[in-house]
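J.: Whenever a hint applies, use it, and build me the whole structure from the sequences.
2 protein chains.
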Amino acid sequence: MNYPEAKEKKSTSKIVHELDSLFKPKSIAIIGASSKELSIGNVILKNLVHFGYTGKIYPINPKEPEVRGIKAYPTIFDVPDNIDLAHVIIPSKFVPQIIEDCGKKGIKSVIINSAGFSEMGEEGKALQKAFLAKAKEYGVRIFGPNCQGIINCDPEYNAYCDFTFTFPKPGSISIVALSGGVGAFIMQSLFDLEIGMRMYASNGNACDISISDVVNYYGEDEGTKAIILYTEGFHNPKEFLEVAKVVAKKKPILAMKAGRTEAGAQAAASHTGSLAGVDIATELIFEKAGILAFNNEEEMCQVAMAFSTQPIPKGNRVGIITNTGGPAVIATDELVSAGLVLPPLSDKAKNILKTTLLPEATIGNPIDVVATGGGTHFRSALDVLMNEETIDSIYINFVTAPFTDTDEVARQIVEVNKMKKKPIVCNFMTNLSMERYQVTTKIMKEGGVPCYAFPTTAAKALGALYKYHKVRSRNIGEAKVFKEVDKEKAKKIIQSGSSPSGRSGWVFLSSDKVYTLLSAYGIPVADWRLVDDVEKTVKAATEIGFPVVIKADAESLVHKSDLGGVAVNIKNADEVRAVVENMKRKFGPSSGSSPSGRSGGVADLKFFVQKFLPGGKELVAGVSAQRGLEPLVMFGLGGIYVEVLKDVVFKIAPVTELEAKEMLSSIKASKLLDGVRGEKGIHKESVIEIIQRLSQLVIDFPEIQEMDLNPIMAFVDKAFVVDARIKVQ
Amino acid sequence: MNYPEAKEKKSTSKIVHELDSLFKPKSIAIIGASSKELSIGNVILKNLVHFGYTGKIYPINPKEPEVRGIKAYPTIFDVPDNIDLAHVIIPSKFVPQIIEDCGKKGIKSVIINSAGFSEMGEEGKALQKAFLAKAKEYGVRIFGPNCQGIINCDPEYNAYCDFTFTFPKPGSISIVALSGGVGAFIMQSLFDLEIGMRMYASNGNACDISISDVVNYYGEDEGTKAIILYTEGFHNPKEFLEVAKVVAKKKPILAMKAGRTEAGAQAAASHTGSLAGVDIATELIFEKAGILAFNNEEEMCQVAMAFSTQPIPKGNRVGIITNTGGPAVIATDELVSAGLVLPPLSDKAKNILKTTLLPEATIGNPIDVVATGGGTHFRSALDVLMNEETIDSIYINFVTAPFTDTDEVARQIVEVNKMKKKPIVCNFMTNLSMERYQVTTKIMKEGGVPCYAFPTTAAKALGALYKYHKVRSRNIGEAKVFKEVDKEKAKKIIQSGSSPSGRSGWVFLSSDKVYTLLSAYGIPVADWRLVDDVEKTVKAATEIGFPVVIKADAESLVHKSDLGGVAVNIKNADEVRAVVENMKRKFGPSSGSSPSGRSGGVADLKFFVQKFLPGGKELVAGVSAQRGLEPLVMFGLGGIYVEVLKDVVFKIAPVTELEAKEMLSSIKASKLLDGVRGEKGIHKESVIEIIQRLSQLVIDFPEIQEMDLNPIMAFVDKAFVVDARIKVQ
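Chains P and A supply the protein sequences, listed in that same order.
Position one of the first sequence corresponds to residue 200 (our numbering), numbered consecutively onward.
Position one of the second sequence corresponds to residue 200 (our numbering), numbered consecutively onward.
Heads up, none of these hints are tricks.
Because identical chains cannot be distinguished in the list, a pair is counted as satisfied if it fits within a single copy or across any two copies.
With a Cα cut of at most 30 Å, we get these calculated DSSO-like pairs of lysine-lysine:
#, residue 1, residue 2
1, K368, K666
2, K867, K437
3, K845, K666
4, K688, K810
5, K223, K270
6, K883, K867
7, K245, K262
8, K735, K785
9, K549, K324
10, K553, K292
11, K641, K235
12, K513, K547
13, K444, K679
It should be emphasised that the hints constitute simulated quantities derived from the structure, not laboratory data.
In this text the structure is predicted, and so the values were computed from the model without any measurement.
T.: Structure follows, in structure tokens:
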């Protein structure tokens with residue numbers, strides 16, 4: 200399979216990007232440069248110099264002729280050259296004016312490190328609004344405010360526009376983090392792991408340049424091989440999803456969203472006020488975009504090490520080489536848990552190893568070259584696995600046993616690793632306080648072999664490489680658009696529903712509207728009539744055919760079933776009459792009180808008659824609108840499965856056919872859909888189509904706030920909605 | 200609450216233990232000491248000297264007058280003094296003789312490093328048997344063979360009786376590992392984390408001194424604060440459970456069992472042949488013993504760091520101090536996931552912090568002292584949390600911000616940490632390549648503060664401390680012994696069942712025996728009769744009361760239901776007659792063939808009549824015998840819950856009342872037992888009693904191989920077994 204990254208490499212490499220002025224500045228002004236040690240205006244200047252920034256630096260300070268030995272200018276207008284990027288480190292109240300100045304000077308990007316804006320109440324918000332207006336007027340892009348900044352480790356730039364204290368080596372991993380604190384320790388972790396970094400961005404309040412913009416930029420950056428993302432929410436989840444979808448096909452995005460527990464979300468709200476309450480279905484966004492999600496940032500960083508050097512495997516088949524027994528057992532457990540398999544070796548492979556390995560070696564998968572095995576033994580095992588057609592990746596346990604030339608083993612591993620034919624990860628067990636093994640370690644690390652200190656950790660890294668292969672290969676396709684739907688009719692119903700009768704801006708549609716709407720979108724419903732007296736009900740029931748369900752119907756009757764407004768399995772005309780008379784007594788205009796709490800009964804009481812369909816499997820589907828994102832579509836088994844076991848699955852609309860199929864297969868009780876204990880299975884195709892039509896309906900009508908098809912009765916040959924509730928705005 | 204460790208400390212400290220000769224040897228002979236560099240007989244000698252062993256070393260070598268400059272002796276009999284411990288590093292065929300010699304010399308413990316025994320086929324097994332016989336004759340305890348050895352870091356001994364290459368500092372964590380490879384990297388990991396180690400043991404084939412013996416020894420060792428255990432199975436799981444139960448009440452055991460996947464177990468079998476097939480319910484053993492189980496050895500080592508210095512919290516209430524926002528969000532997520540809660544601060548606490556912290560600090564839980572917060576701010580927050588009655592433990596995020604005196608912050612944390620009042624863990628985010636922060640780090644580490652580089656990792660460590668509090672506080676009690684059971688009757692039935700009619704040594708009991716046996720142990724069953732003709736069946740049904748169930752019964756009819764041998768809901772005498780005649784035609788002596796495959800029908804065909812009890816909740820309980828362990832008892836909801844959702848739970852017998860209650864509450868669908876959707880709940884007490892009686896029955900009769908009570912029908916006021924299957928040996 201050919202992946203886009205390989206094909207597009209050349210074509211995108213030289214395109215000039217709007218954010219180049221931010222990430223690849225040729226000149227930087229520091230507005231608020233200061234001689235005061237440890238002040239931000241001093242540290243940023245120091246960092247730029249220390250990191251060997253290749254462009255020009257213009258400290259701006261009205262009082263000092265130079266800062267840290269570099270000529271300073273009173274204002275940006277005094278700078279004789281063009282300026283690509285400006286840091287702003289001055290009190291917030293002066294920022295709107297400075298942004299206007301930057302615009303006039305022709306500065307394209309500004310990093311506002313200063314705080315005191317949207318995170319600080321109304322006054323700050325007003326200031327942010329003011330400088331944004333100026334920025335828009337002059338076409339200046341804003342990074343921040345209240346942020347760390349960016350770093351570009353490309354030796355062509357060495358741009359350390361940040362006040363943190365880690366100085367990474369150039370590499371291929373780029374980081375974007377909402378929280379500077381988290382971004383900094385991720386960067387530090389890559390440094391400690393001796394993984395190089397490409398670019399870094401922590402954009403604080405993110406009033407203009409968003410995480411999505413940065414991800415998009417990293418996606419187009421040829422030097423970025425993988426992206427690490429940390430956030431506590433998205434300002435514009437829909438935009439992020441669209442961007443991430445495209446980027447994740449090209450390169451892996453490893454992401455972590457914190458605030459996944461209620462207490463965590465509260466803690467997040469307290470330090471990033473603006474995102475409070477915007478808890479959206481981040482997990483689903485990650486899934487739909489093909490992002491590798493993590494709940495553990497240490498694991499995310501460790502995994503990044505493998506992505507920074509190794510190719511993506513073409514499948515799930517792993518070969519293990521080990522020189523010690525136990526760690527191979529641990530690794531096998533973890534690899535298998537991650538969905539990998541250990542195929543047996545071919546006879547050809549075994550025959551080679553029989554002649555090349557030590558007599559006490561174990562020839563199988565794992566291949567145990569034993570602790571006394573040396574470079575030639577490891578090499579032979581590596582060559583064999585590289586040539587095995589049934590092997591996609593290689594896992595190595597290498598303990599630096601005192602009995603062997605460990606440097607030679609390392610050299611052989613490195614040589615094979617350099618071919619980049621199949622990914623290799625290594626659990627490298629050694630004692631770094633011994634000089635002898637420091638040499639071995641150096642060979643391994645400089646040779647680009649991802650080295651871990653624990654078998655489970657190394658196995659998790661290989662598992663993540665494989666997972667990326669899986670998500671990149673998974674093509675969910677485009678959502679089907681059913682042409683024969685009656686959009687006009689649906690529109691009328693929904694608009695009629697959004698009438699002033701609804702409290703707090705929304706209303707539940709009456710049953711006839713619900714079923715007409717579903718039918719307009721081709722969602723099958725049990726045959727029904729809405730009538731308003733006893734004999735019409737009898738007639739309707741006769742037309743539909745007994746048995747029937749009868750429901751008391753009025754817009755004010757939402758919890759019909761709880762109130763005794765539903766009668767099921769009505770078998771003949773006499774039963775119809777009895778039921779309807781009873782409902783009239785209960786809910787009609789002459790009844791003493793109404794369930795809605797208003798005095799007097801329901802004036803518009805009608806009777807909803809519907810075919811009663813027993814014996815099917817009860818399913819549920821539903822929809823809930825999301826702020827800043829397309830609605831979520833839900834599917835599950837009805838009754839206790841949804842109520843007690845919470846056995847439901849969600850996807851973000853639009854739901855494609857593949858996704859709808861996945862919904863059926865990913866509930867825990869999915870086997871019940873195939874039939875068990877002698878029962879027959881259900882007609883899945885019908886349900887898959889209902890989900891897709893439901894998705895189309897809510898995409899077409901964002902007015903729909905909530906929708907429950909509960910239950911859908913599914914049979915061997917068909918599926919019908921038999922009760923539904925729709926809330927529109 | 201007072202824990203035994205506090206009370207028993209004095210009493211056990213000076214007891215001389217049989218394994219003292221192994222772990223605290225005053226003199227060591229190295230039989231097979233060698234001048235050849237990198238040979239095991241050389242490395243062990245080198246390690247003993249390098250580690251500063253405080254006792255006497257006697258190299259034994261028939262040819263050399265000295266080895267590595269130490270006087271050598273031709274045989275152990277030439278050594279003028281007593282020898283506590285001997286290493287044996289000679290070819291396996293000489294080992295039985297040497298063990299006899301050791302016995303004669305009065306050596307109490309021997310570490311056999313040599314391989315070539317039970318792991319190497321029949322010849323090796325015979326040699327192992329031979330030296331074990333000698334060991335028993337002379338009272339010599341054997342450690343190994345085919346093993347690394349032991350290490351004792353107590354400065355009184357400095358006994359490095361091992362050929363590995365990590366030299367730990369003395370500390371309080373002791374390690375026991377089946378696999379030397381895994382043991383070595385765990386030891387290395389503690390070293391890298393700068394956690395000291397107390398003792399180490401890796402016992403290879405473990406022919407005499409077992410993992411249980413070592414755990415028992417560590418349990419009694421005053422200097423061991425926590426134990427790390429790695430295994431791929433147990434030779435004697437029952438013994439281990441008994442030992443671990445006692446030790447885990449005194450000190451935490453952190454354990455990992457590899458080979459948890461099928462492929463992992465296969466890999467384990469290939470390197471530790473002797474344990475193949477002995478896959479026992481390790482998870483359940485760990486749970487019953489109160490062991491903290493891990494699937495990730497890196498996490499296990501990281502967690503050990505907290506156990507090595509911190510007290511155990513008295514509850515689940517944590518206070519967070521942070522000087523950066525994002526990491527507090529991540530930590531909160533993980534802490535809450537681990538069952539901890541973040542109580543709000545008291546007004547008193549808030550008032551103090553309002554006067555002591557910086558104005559931009561956030562006063563809540565988390566307390567954000569902000570990045571510019573210094574030592575006094577951290578100290579004030581620490582003091583407040585130490586004094587809050589609603590706080591049991593403290594989590595700290597400490598990033599070494601450049602703007603503050605980080606050494607002073609560290610000193611304040613250390614000072615509070617030294618009080619050991621409440622556990623503290625710290626996510627310490629710094630750049631160790633900067634000299635300034637190396638000092639801060641040194642203060643933190645020497646001050647015994649467990650420092651992690653990631654918030655999730657630190658939070659997991661605190662989560663583990665809390666988990667140990669929970670398991671130690673959980674007292675499952677003793678299993679109830681129901682006195683009124685008829686053990687004699689049960690014995691007769693089981694012995695009659697173990698008749699020669701069973702194939703491969705086991706047999707299914709016939710229905711009458713099954714129900715009589717259950718009744719003998721007070722397990723309620725639906726009223727039943729076993730009869731052998733039509734009219735007797737009618738009479739039985741009438742006595743029991745309609746409706747009834749009728750089952751064709753014979754020992755050869757196991758899968759009655761599949762074959763049409765079961766008729767339910769029989770409402771009157773005529774129906775009884777029709778059913779019984781039909782069964783006679785199908786299975787009786789005159790029928791053409793029998794389901795058991797023998798020609799001719801079932802000669803002993805009888806009819807089992809039982810009260811039909813519809814409308815209850817279907818439950819299942821069962822038992823399966825385990826090699827080397829008491830049987831496992833299973834409980835779950837019947838039907839699709841057990842078949843499709845696998846919603847079952849296991850415990851090791853004997854099951855106590857608390858455990859039986861936990862079984863009911865820990866199935867996923869446990870809410871169904873309370874009643875949902877208008878249904879009433881079941882009589883849980885009856886089911887809890889059935890589980891305990893079942894447990895007593897299988898403990899009393901190890902002949903029971905398998906038992907299924909399926910279903911148990913549970914009602915609002917009672918529960919009855921309505922079908923059961925018992926396999927005895």
